[in-house]
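Q: These protein sequence lines are chains D and G, in that order. The first sequence begins at 0 in numbering that gives the first Met the number 0 and counts up by one. The second sequence begins at 0 in numbering that gives the first Met the number 0 and counts up by one.
In short, the hints are calculated from the structure, not lab data. Some hints here could point you the wrong way.
Said to hold, decoys possible - Simulated pairs of lysine to any residue, SDA-like, Cα-Cα distance not exceeding 20 angstroms:
| # | chain 1 | residue 1 | chain 2 | residue 2 |
| --- | --- | --- | --- | --- |
| 1 | D | Lys59 | G | Ala136 |
| 2 | D | Lys59 | G | Thr135 |
| 3 | D | Lys59 | G | Arg137 |
| 4 | D | Lys56 | G | His293 |
| 5 | D | Lys56 | G | Val132 |
It should be emphasised that the depicted structure is a prediction, and the values quoted were computed from it without experimental measurement.
Residue strings, one per chain:
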Amino acid sequence: MGEQAGAVPADEGSPAQEIYRQFRGLITSGQLGSGERLPTVRQTANDFGVAPGTAAKAYKFLERDQLVVTRTAAGTRVSETAAVLPASVVRRIRDLTVEAEAVGSDLADVIGVLRVIWNKEVDVL
Amino acid sequence: MFWDRLDSFNIMENLGMLSTMPLLAPILTVLLLVAYGLFRRFSRGKGQLGSRTDHALTSPAEYGFERRTLGIGAIAVIVLYFVEFVVRGYVFNFYNTVDWWRYATPLIAAGLTLGVLLLQIASRKTVAPARPVVATARRTWLSFGPRAGIAGTGVLVAAFVATTLAAGAASSPDDRGRYIYIELAAANTTIDPLRFWFYGWAYGIPVIICVGVLAIMAWLTLRANALRPFRVPENAGTERRARGEIAAGITSISSAAMLLALGGAFRLINNARGPWGLTIDGDPRSEPYEMTWHYANLAAAAGWLAPLLEVAAFMLLLIAARRLLPAHQRRQPSENTVTAEVV
């Protein structure tokens, strides 16, 4: 660990750096939950229109900053310490967003109802 | 006289005969579509099965070609099914020919459609995304496909494998070694067995190969549809829905082609349903020899199922075509009304 977490990698402005920033943003903002698998290197390379080596380099940056953990056969997963919420909760929030959008619900209404239900459930518990 | 005829009228037997008519399925499909159209007219429902949704109308332009390819492909499967029927029945004489392609035609048509779609997706993949969209999840061939459609296609592949193995094992060779017969023997006699054309290995093997190729093509197109990059972040939701429509089209065409092929195979298996009465000239025995296959009930069930499978296939194809093809000529009646009110 030569650099501190969140430090800018040496080749700033490169495609690998751009991919690194995007994923770091997703993890620190809670859009990716702890233990959640990142897309494959191939898919990321495809999505960004770069070579697989460039995407792999970005994943190395994330690993170096302890934002993700890479294990053989388990793939690259968001580390427990870096994530805001567990993967199971984030996945349900995503499903809720898709469903609410599909039926045309208002974001403020969804948040309001979520808060009411949350408080009620906490009281019951 | 009338009552005598009525007494001898066997409903099940006549319905069984009706189910062997090759044109029964298209006729039933047309009747069902007319009934569905009338139901829609009276209920004035919106967003029902097969109707064009708002998503379809607002999907990005680059998906338009792919939707059109699938829509035309769905129609092509139906057209080629009938062309093959006419050519086989009225143009060429295929007497004593193992015409396995009669079952494989819908599979080949569907496979070619998916091949064209795969080329279209692959050619678009070479264009780099305008602004990359970061994915939060892995996309696989299952990501956009309708679960029921994919499961249904899997069940059909399994049904095909089971049918091919069972019918192949029951079949017998002709003098040229082609497994095209089912032999029905009369019990406790020395009479030669009766031979009927059957869905033996000679039919089953080429058709199951076509089923396998179609299943692989479906998997490849679903995978290519899922793995390609999104164009711009703002359109990701719309693109996701468009990919869902494409995936639904892929599974609809694949399953419909398999249903048509399986329906055809079941019709040929129905040949062995029996029982068959056999009388021999000069034989003092007054009763005919009854010859039946051990699995005659299964063969009869296959005969009943065949038209149902074919109706389901035609419905799937027509619904897919309606959902995927643009309706330039189909103006919404409400548009005229609104315009008139505004003026």
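Q: Quick check: which numbered hints come out false for this structure?
A: Violated hint (a single one): 4; every other hint is consistent with the structure.
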